[in-house]
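There are 4 protein chains.
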Amino acid sequence: MQHFKTLNDPIYGFVEIPEGLISDLIEHPYYQRLRRVAQLGMAQYVYTGATHSRFAHTLGALHLMQQAVAILKRKSISISEEETEAVCVAILLHDLGHSPFSHSLEHTLLKMEHEIVSLALMEELNQQFGGKLSLAISIFKNEYPKKFLHQLVSGQLDMDRLDYLNRDSYYTGVSDGKVGSERIIKMLNVIDNELVVEFKGIYSIEKFLIARRLMYWQVYLHKAVVCASQMLCKIIERARWLSKKKQERWKNLSDNLVFFIENEVLESDLNKNVLEKFAALDDSDILAALKSFAQHQDKVIALLSEGLLKRKLLKIEIQDNQFKSDFIKTTRLHIMQRLDITSEDVDFLVFGGNQTNKAYDASKQQILILLNDDKVKPISEWREHNIQPKEVKKYFFCWPKL
Amino acid sequence: MQHFKTLNDPIYGFVEIPEGLISDLIEHPYYQRLRRVAQLGMAQYVYTGATHSRFAHTLGALHLMQQAVAILKRKSISISEEETEAVCVAILLHDLGHSPFSHSLEHTLLKMEHEIVSLALMEELNQQFGGKLSLAISIFKNEYPKKFLHQLVSGQLDMDRLDYLNRDSYYTGVSDGKVGSERIIKMLNVIDNELVVEFKGIYSIEKFLIARRLMYWQVYLHKAVVCASQMLCKIIERARWLSKKKQERWKNLSDNLVFFIENEVLESDLNKNVLEKFAALDDSDILAALKSFAQHQDKVIALLSEGLLKRKLLKIEIQDNQFKSDFIKTTRLHIMQRLDITSEDVDFLVFGGNQTNKAYDASKQQILILLNDDKVKPISEWREHNIQPKEVKKYFFCWPKL
Amino acid sequence: MQHFKTLNDPIYGFVEIPEGLISDLIEHPYYQRLRRVAQLGMAQYVYTGATHSRFAHTLGALHLMQQAVAILKRKSISISEEETEAVCVAILLHDLGHSPFSHSLEHTLLKMEHEIVSLALMEELNQQFGGKLSLAISIFKNEYPKKFLHQLVSGQLDMDRLDYLNRDSYYTGVSDGKVGSERIIKMLNVIDNELVVEFKGIYSIEKFLIARRLMYWQVYLHKAVVCASQMLCKIIERARWLSKKKQERWKNLSDNLVFFIENEVLESDLNKNVLEKFAALDDSDILAALKSFAQHQDKVIALLSEGLLKRKLLKIEIQDNQFKSDFIKTTRLHIMQRLDITSEDVDFLVFGGNQTNKAYDASKQQILILLNDDKVKPISEWREHNIQPKEVKKYFFCWPKL
Amino acid sequence: MQHFKTLNDPIYGFVEIPEGLISDLIEHPYYQRLRRVAQLGMAQYVYTGATHSRFAHTLGALHLMQQAVAILKRKSISISEEETEAVCVAILLHDLGHSPFSHSLEHTLLKMEHEIVSLALMEELNQQFGGKLSLAISIFKNEYPKKFLHQLVSGQLDMDRLDYLNRDSYYTGVSDGKVGSERIIKMLNVIDNELVVEFKGIYSIEKFLIARRLMYWQVYLHKAVVCASQMLCKIIERARWLSKKKQERWKNLSDNLVFFIENEVLESDLNKNVLEKFAALDDSDILAALKSFAQHQDKVIALLSEGLLKRKLLKIEIQDNQFKSDFIKTTRLHIMQRLDITSEDVDFLVFGGNQTNKAYDASKQQILILLNDDKVKPISEWREHNIQPKEVKKYFFCWPKL
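Protein chains in written order, with my numbering: chain S, 1 to 402; chain G, 1 to 402; chain E, 1 to 402; chain C, 1 to 402.
Heads up, a few of these hints could be off.
In silico contact screen, one side only, chain C against chain G (beta carbon under 8 Å); selected entries [said to hold, decoys possible]:
| hint | residue |
| --- | --- |
| 1 | 176 |
| 2 | 203 |
| 3 | 210 |
| 4 | 212 |
| 5 | 216 |
| 6 | 218 |
| 7 | 368 |
| 8 | 372 |
| 9 | 375 |
| 10 | 378 |
Partial list, derived from the structure: chain G residues whose beta carbon lies under 7 Å from chain C [said to hold, decoys possible]:
| hint | residue |
| --- | --- |
| 11 | 112 |
| 12 | 114 |
| 13 | 175 |
| 14 | 176 |
| 15 | 180 |
| 16 | 203 |
| 17 | 212 |
| 18 | 214 |
Okay, derived cross-link-like pairs now, DSSO-like style, lysine-lysine, Cα gap no bigger than 30 Å in a straight line [to be verified]:
| hint | chain 1 | residue 1 | chain 2 | residue 2 |
| --- | --- | --- | --- | --- |
| 19 | G | 377 | S | 312 |
| 20 | E | 394 | E | 223 |
| 21 | G | 377 | C | 146 |
Because the hints were derived from the structure by calculation, they are not lab data. All C-beta atoms in this analysis are idealised placements derived from N, C-alpha and C, irrespective of residue type, glycine included.
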């Protein structure tokens, strides 16, 4: 009989942690660090309740994975004990490589997808745990023949999404993101090694795709969230710029953070030493840095850092078309004059970019519906379901209110 | 017509912020700091979802205060516009003086109740806002003739408690703490300047008192929460001890934290300069310090700090009676030998204490019930209601697992 | 100061009933009857929890109307006390004319829309209440100049829909129907006497339209619900057929039900006498009739009635295209032979039809969005919002399983 | 592999129905009848949302039973497949013997506990199902050696209570009744064939006992609910009185209801014929009767019946002590004169009684707590837990408002 530890979770009531490998991984400092990484990064500036951590999210995803595996087994899908543990490990650790403040600093602190760092950390853990994570890694990399196991970890209907939509909805209060995860999981099945959804779950899938799209616009790509995230990235970039310019002596910055400011780390650099430094970083390193930067003599980094600490955000505009170059030019000049800064400096304070949102991309992997006659059809073939393949792109532009 | 800003809140949906003084206070850095102070301190080690901030709590209490004032006005209780604003300011700012990690560090970082610091900060803000907080301060100090306004801020049924029970319940997932705050507020009334509850709300009051008691045992005084909080206090105390012993050069600690480690601040010391230092501190200063301490050469502070970062807590036992002195002595000796530390050192690693829980103390201010004949009777006079005046005391004892 | 009675409601907590006209109307037997009319008719055969009444729904809609009026007044829209009461009366009474089991028997027991009967009953009440309902009736008929008042009662975003989506979602457990009614109401405004929604509510509106569409397919047009509703209609029609055929002596049917079986009532027949008979009918008359019919010697009515009482529904198929005439013919013949019934009889047991669902019909009244520059634009003009103007039509076909 | 049908439930999301015996029993007319029996009888007059049925409740209890059995099995408690099915059947059918409107008519329509009728119906079903219910009946009667199985069906912590507290709370909106049923079930265990609760569930048990007590006073024994239930009983009693007096020709009453009015049925009379009549009765027979009685020439039955249909309840007073005989006498005389009725008549309109509420009776079966050292202790031994053994008795008195 397997033993479990039980954790409290406000969404599922309880999450059961099987003793052994999974429990040991949770106690590992690489994983405990996720307690101090905000799931939604800067979104807490807009949704004050959204202070939840990557730790809580990944435990939630583990919980859903246990449910999904149990449902599939009951439908006579063959999943061994080893595979069960491995797919649970894969979902548990899939976010290990997130930077502080998650997506807000992704691609900036390290110039790569967080999944690459997650994989490097999983491989390091595999060393430490004597090879016990090999199967999990194989599933994570989609190299394992039972493709549906990878799809449960990372796919159109993975346990990651099912947890984060509900959790982000719960903590932000944006009820549009709530998804019938229990119902969707009950409708999962496997045909030809592919994850499919039984026909009567089709409305729940439609709802899920819509919920995801609405969460993108209302939370993840909310204009103030975009603005605060951009400010955070510009702060790190400015710190790098300063450290290149002059022999900078950072005050009160953690050595680990300084390392990632002073060094551009490539995928090939992710050795044990670098990973240990990364795994020591969390939101508190960034917050401590902001406090230090806010006192810095460099006007640019001080303005941005104080802005985040005191919630004086830059002004941001969002529109469907690109911003006019005239408008950009005038704004830059205006800020340069007002702040008495150079054209190189103003890049960190006046800047634009774009965001795209495509809830369901039929050109990539499709959601497959299992018909009552055991045939399978991609969801995009139903005329009456709104899966909106249109990609929506929006342009933003930020500058200081003076 | 008054204008409002609307904030999202997962519990109430929306919180309305009147523009003007209240909105300006919320934008003040003293208040923005509360975003970075965990409402439940160390409780997030047990309840992983409980990462909510004092910022969200005090905005929630403001929301309930607006409701309570509206209900009382509808019952023809005279409350002027000025009093409405003042009582809202008082509830908004009542937690301004919380240390990082709230109650976990209260009485340790500063050797005083947080309300004393809140009051000092309110008085400083009153300077900055040209006297506009005077009425709020008078209500907060219970010097204002309309006593019920103070009772709404701080009393047996104040808006603070109504918010924190629901909020802490929502974020921990301990549903026992959920309270019918809307119902209780609807039943409030005022007789002879005292807050009273209309008779048909008596079951809701009973439920409220029970919810509070259950939250104490299940969350606020949960043994692992007590243990982690004690560890945090011992870390600060050990840092003070070290700084007294030798000329300590703290690495990566913020100057503001160092100030409170090196100086014992008394109530009379709370001048503008000290308050500014205090208002610059939040959870991230403590977390950065833990990381620094975990690398310290002092075994004691390193063990405790690493313990908190990696969630390797001390062992804790809780019981109804005092721990036997024999057991204490043996444990101390054992740890001294195993860690090769002195008797002075071991005080920081092997220690005990007690916790008491008295959900309703009839000897202090009573909850008054308004009968249908307009008479008032304290709730303790109903035989069939469980208001449990018994105080329950429990003893705890902590030591390292080795 | 206005006085209120407070009713409990599981969705909103409390509903406040202003004393006076509204309170008196609620106590009137025409309104009390709605306690015994199931909001979702036959849907409780599929969603066993969905036993809620028209009484609870209309009180809920009243609650939302009070909120909407308060919000609009705060935005300086002029609404007098008389208009407030009238629009509340209109929403309270808008479902007065529902037959037993609501939509399941609509157009069958009386061959007209329920709104026509509601209006007739409101006019009768206006007599009884000395003309106090005249303004409410004018709003209900959309004859009052302030068009937005009618739109709050009956329009794309009326309080009826906002309540029923949430209530039907709560009682069925189909969470897809949940709608942010508080949020939508907060975003309402009035421009040129038309109800509009402020721009930042656009996601909530999209969510609302989707929720409504999903509820249609999952609940209101669920195949077993359609089947049971059709069976109920066929029972009434068969009873009429029998009563025409022979001098039928119904056993245990209420006189009032017999009247509506034996007489085809036209709009012009809705005099006080007929309305009193109608207002005496509720679900229990139908259930009592089913028990009687189940014992009837006529095979057809007995089979259908026993089927409903014991939940032995007809078989139903639903498809996108019309059923083939061959299939229909064969099925009819098969049933005629097996049950030894005539071709006239089989019409009541083997039958088809269709259902359409168009969540948002831009060709009728549009939902208007209020832009930040105070201009107004219909929602259908946003390319990225899914308002799906496509009408979806489905065909059903029912026959006995033998 | 066992197959399941899935039902929607607003509280648990889904209830799984194993195909075979359980599924067949659910389709049986005796069970389908529960769709038309209101779980809370007359409580819907006060809590307008509380229209849920015994059908939904017993399916919910079945769901919890499946969870409880799974948890116990995981803790290595031996429960065979047969025992699992039997204990599920027992909980599913435990309310089969409820009269229309459940407790409101219990002891009146049949002068016995509803469990006696449930047992008789189970035995009749056992005949129809060829003895397949024998084990379930043995558990229901507490004759089976594994006592804990009976305790799951009927005991201090049975699945009946866990479902009805949550369900009644959900449908009334009285949140005080909500209980952590999932948590309590997770804490169940078995020692010496007795159901016990693991120590860390002690707060949940306390909460459960309090929730039950609060639901009694706020819902089950709410004064208007008591009044309406008493009126219903008096109507049936008056009908009996009338039918004894004179050769009554009831108009539009169902034969089955007439049978139970004209015959006093004893336990020994519960033969197949009588049970079939009983199983044909539901709320609609009573409602149809009320409509008929409201037109009756007997003033007493007409007044009471019209009162229920139009919600003109008698006046009711509740107090801690017995009502003074003077007051009773005066009221009776007053009503006799005003209505011109006899002293025998007035007994049906002016009457009193009492209600008691004892949430936890330690003198009967105790709730046993499993300590960490595997010892067992009754919950009443904890001084700090409020289990309130005091019985509270209240007296009521009803009379017509004239």
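Tested hints:
1. 176: Cβ of residue 176 of chain C sits 5 Å from chain G, so the hint holds.
2. 203: holds, 5 Å
3. 210: holds, 6 Å
4. 212: Violated, about 12 Å.
5. 216: With Cβ-Cβ at 10 Å, over 8 Å, it is violated.
6. 218: holds, 5 Å
7. 368: violated, 20 Å
8. 372: Status violated, d = 11 Å.
9. 375: With a closest approach of 16 Å, the residue 375 of chain C hint is violated.
10. 378: Violated. Min distance 17 Å.
11. 112: violated, 30 Å
12. 114: violated, 27 Å
13. 175: This interface hint holds because 6 Å falls under the 7 Å limit.
14. 176: Holds, because the Cβ-Cβ distance from residue 176 of chain G to chain C comes to roughly 5 Å (cut-off 7 Å).
15. 180: holds, 6 Å
16. 203: holds, 5 Å
17. 212: Because about 12 Å separates residue 212 of chain G from the closest Cβ in chain C, which is outside the 7 Å limit, the hint is violated.
18. 214: holds, 5 Å
19. G:377 / S:312: Distance of about 50 Å is beyond 30 Å: violated.
20. E:394 / E:223: Roughly 10 Å separates the two Cα atoms, so the pair holds.
21. G:377 / C:146: The hint is violated at about 51 Å.
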